[in-house]
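2 protein chains.
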Amino acid sequence: MAPTRNAAVIFNQVPTGYPEPGKTTVYDTTRTIDLDNVSLDGGVLLKIIVLSNDPYLRGKMYDARGVSSTLGAPDVYALYASPFHLGEPLSNYGVGRVLRSEDARLRVGDHVTGVLNFEEYAVVGRSSVSGLRKLENKENLSWSAYVGAAGMTGRTAYYAYHEYAKAKKGDNIFVSSGAGAVGSQVIQLAKLDGLKVIGSAGSDDKVAYMKDIGADVAFNYKTTSTEDVLKKEGPLDVYWDNVGGSTLDSALGHMKVNGRLLECGMISAYNTKEPYAFKNIMRIVSFSLSVHGFVELGLADKWEEEFYREYPALIASGKIKYREERSPFSQAGEAILRVQMGDNVAKSVIVVEED
Amino acid sequence: MAPTRNAAVIFNQVPTGYPEPGKTTVYDTTRTIDLDNVSLDGGVLLKIIVLSNDPYLRGKMYDARGVSSTLGAPDVYALYASPFHLGEPLSNYGVGRVLRSEDARLRVGDHVTGVLNFEEYAVVGRSSVSGLRKLENKENLSWSAYVGAAGMTGRTAYYAYHEYAKAKKGDNIFVSSGAGAVGSQVIQLAKLDGLKVIGSAGSDDKVAYMKDIGADVAFNYKTTSTEDVLKKEGPLDVYWDNVGGSTLDSALGHMKVNGRLLECGMISAYNTKEPYAFKNIMRIVSFSLSVHGFVELGLADKWEEEFYREYPALIASGKIKYREERSPFSQAGEAILRVQMGDNVAKSVIVVEED
Numbered sequence: 001m002a003p004t005r006n007a008a009v010i011f012n013q014v015p016t017g018y019p020e021p022g023k024t025t026v027y028d029t030t031r032t033i034d035l036d037n038v039s040l041d042g043g044v045l046l047k048i049i050v051l052s053n054d055p056y057l058r059g060k061m062y063d064a065r066g067v068s069s070t071l072g073a074p075d076v077y078a079l080y081a082s083p084f085h086l087g088e089p090l091s092n093y094g095v096g097r098v099l100r101s102e103d104a105r106l107r108v109g110d111h112v113t114g115v116l117n118f119e120e121y122a123v124v125g126r127s128s129v130s131g132l133r134k135l136e137n138k139e140n141l142s143w144s145a146y147v148g149a150a151g152m153t154g155r156t157a158y159y160a161y162h163e164y165a166k167a168k169k170g171d172n173i174f175v176s177s178g179a180g181a182v183g184s185q186v187i188q189l190a191k192l193d194g195l196k197v198i199g200s201a202g203s204d205d206k207v208a209y210m211k212d213i214g215a216d217v218a219f220n221y222k223t224t225s226t227e228d229v230l231k232k233e234g235p236l237d238v239y240w241d242n243v244g245g246s247t248l249d250s251a252l253g254h255m256k257v258n259g260r261l262l263e264c265g266m267i268s269a270y271n272t273k274e275p276y277a278f279k280n281i282m283r284i285v286s287f288s289l290s291v292h293g294f295v296e297l298g299l300a301d302k303w304e305e306e307f308y309r310e311y312p313a314l315i316a317s318g319k320i321k322y323r324e325e326r327s328p329f330s331q332a333g334e335a336i337l338r339v340q341m342g343d344n345v346a347k348s349v350i351v352v353e354e355d
Numbered sequence: 001m002a003p004t005r006n007a008a009v010i011f012n013q014v015p016t017g018y019p020e021p022g023k024t025t026v027y028d029t030t031r032t033i034d035l036d037n038v039s040l041d042g043g044v045l046l047k048i049i050v051l052s053n054d055p056y057l058r059g060k061m062y063d064a065r066g067v068s069s070t071l072g073a074p075d076v077y078a079l080y081a082s083p084f085h086l087g088e089p090l091s092n093y094g095v096g097r098v099l100r101s102e103d104a105r106l107r108v109g110d111h112v113t114g115v116l117n118f119e120e121y122a123v124v125g126r127s128s129v130s131g132l133r134k135l136e137n138k139e140n141l142s143w144s145a146y147v148g149a150a151g152m153t154g155r156t157a158y159y160a161y162h163e164y165a166k167a168k169k170g171d172n173i174f175v176s177s178g179a180g181a182v183g184s185q186v187i188q189l190a191k192l193d194g195l196k197v198i199g200s201a202g203s204d205d206k207v208a209y210m211k212d213i214g215a216d217v218a219f220n221y222k223t224t225s226t227e228d229v230l231k232k233e234g235p236l237d238v239y240w241d242n243v244g245g246s247t248l249d250s251a252l253g254h255m256k257v258n259g260r261l262l263e264c265g266m267i268s269a270y271n272t273k274e275p276y277a278f279k280n281i282m283r284i285v286s287f288s289l290s291v292h293g294f295v296e297l298g299l300a301d302k303w304e305e306e307f308y309r310e311y312p313a314l315i316a317s318g319k320i321k322y323r324e325e326r327s328p329f330s331q332a333g334e335a336i337l338r339v340q341m342g343d344n345v346a347k348s349v350i351v352v353e354e355d
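Chains as they are written, first to last, in full-length UniProt numbering: chain A, 1 to 355; chain B, 1 to 355.
Among the clues, some could well be false.
Heads up, the list lumps identical chains together, so a pair's fine if it works in one copy or across two of them.
Stated by the list, open to error - As a list, the in silico DSSO-like pairs of lysine-lysine whose alpha-carbon atoms are at most 27 Å apart:
hint, residue 1, residue 2
1, K60, K231
2, K47, K191
3, K47, K232
4, K211, K256
5, K60, K279
6, K60, K256
7, K166, K211
In short, the hints are calculated from the structure, not lab data.
Can you build the whole structure from these sequences, using the hints too?
See the structure below:
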């Protein structure tokens, strides 16, 4: 059979600042693949359907040469810390459909999710195929849901909330970046458990969205003082932190004894060199607080099966809502830049094949 | 029977700075008690033997009037947060011998430990008597051990180490204030588990003591850079924090993925108004660290029985060592000041009746 086009998004150049489309990332339509004869190496050939676009990708855009691929960290950290390779496609969580299989577990037509290359077609060989999860999708969700609410962002919220929040009905939780891909899932999980939910975000549109999905108190931190809100609506049993810095400091000052802080991110610190001086750090001792950092892969062994049993059904029933911003594959570089600049208004997904 | 002298150490005045003997605290020998006829209110009359002298006592030296005695915190926090009452004796952990009893659980001659008044004789009535623990002392330890290594300081180390360190043989632990009452117990617990132990303290005498009790690496942070030591001897699985500030920041920067930080105290922050700017706080997220604040009473339900089954025997066998600085009751005010100024070289105990 004649070679088929296999367009890809290539890591072309290490960026010094934001990743520029056409320079950092290049959409390359010149590559081809022989779908009938390409070696599967004991794995599968996939048609890629959708790919996730996440903030953490920027951390992988450095020069791999001379750097240990795992930085000495356990395997679960390799994904987040290991660099992309110059001249090769980017990779991230995605969904694909099996076109050919040499793996007994997977059949033609099955849908799978896992870490996939930014290509139209991709071979996942023997050594990686066990990392793919077969998606039954009895709930008939859009495949893109499986890289968002039913994928990594939902898993992050679900795993850590269940592992660390230890919340019960009536508890108070504060979620920063509550309109974000992960924060919006946390708000809804907390509401399902009967918590009082306080959410913060940086625009009135996002405040309206937090109210839509059930937040009891939602405020724009740019126009309303976080300190004032927590003084009025606290004290807190749980704080889900996406931002760090002064917001974390305010939360520390308004926790109850034995409160739990879940450290999902500290975006306020990513782009500043000035370390933040915490006034309330001593509260960790005097209020017996527990502060937990995590990555979702580190909690997967414990929570993955429960998540897939429960969460897609919650989404299908409308009890958990999500929103997404879809970009075509040819515009992946632009979409990546948009997420890095914080201009996306919802979870960004890159659509390689429309449903 | 004629009244018997019942000397006491009275909380006489709220201090503005350090607690001055004769002003903040007064040794009062004018008080008396009728040992035969004083009402026991369903409890016991105790001859006080020894009392503990701890840094946290300073936090109780404020004016009780108009302040909720528990500050709205759960009961386990009331001890640490509630104020002493002006004109009444101080109180803290101690050991006493039962002289008379109306409580079925306790008999004349029994020894008990619990929170006791700074008096020669004290009645513990019906509402408090259940808080006393009867000491079998099969190991024939000095009673003063039961306010130190076999008391609150040992319990603090034992409870939190077992609850949060999750350490296994060969793990690296760093203990700041490693020659202190609690830190020295942590070092020995960690050595019993086969950990590599790094300890820091502020004098060469304390460094020598840390080596005596088994620390693999012991250094004087005033003359050797903590950062340099951790770079050479780390990375760390566990950090036991007694000091906070720059030491905590260095530890954060040298933790392994999934490392545990145990927040026992932040003495560097107690006497400064300037909040510390943490350079490595983001490591909590990127290295999936867990940071645990605690007070020993909050962990007592889970660990107290095991502690008393195991720890006094470890002390008796010499596997756990301790040292103490003994002051007579009449010098309690001076001893309290000494601890507040950090001039004590070992766990301070106040001896009311010599063994």
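How the hints compare with the structure:
1. With identical chains, the CA atoms of K60 and K231 are at most 27 Å apart between copies only, with a shortest distance of 25 Å across copies and 39 Å within one.
2. Neither within a single protomer nor between protomers do K47 and K191 lie at most 27 Å apart by alpha-carbon distance, with minima of 37 Å and 56 Å respectively.
3. Taking the shortest Cα distances, K47 and K232 never come within 27 Å of each other, neither inside one copy (52 Å) nor across copies (49 Å).
4. When the C-alpha separation of K211 and K256 is checked against a cutoff of 27 Å, the pair qualifies only within one copy, where the shortest distance is 25 Å, while the shortest distance between copies is 39 Å.
5. Taking the shortest alpha-carbon separations for K60 and K279, only the inter-copy value of 22 Å comes in at or below 27 Å, while the best intra-copy value is 33 Å.
6. Taking the shortest Cα distances, K60 and K256 sit within 27 Å of each other only across copies (20 Å), while inside one copy they are farther apart (38 Å).
7. Within a single copy, K166 and K211 get their C-alpha atoms as close as 24 Å, which meets the 27 Å cut-off; across copies the closest is 41 Å, which misses it.
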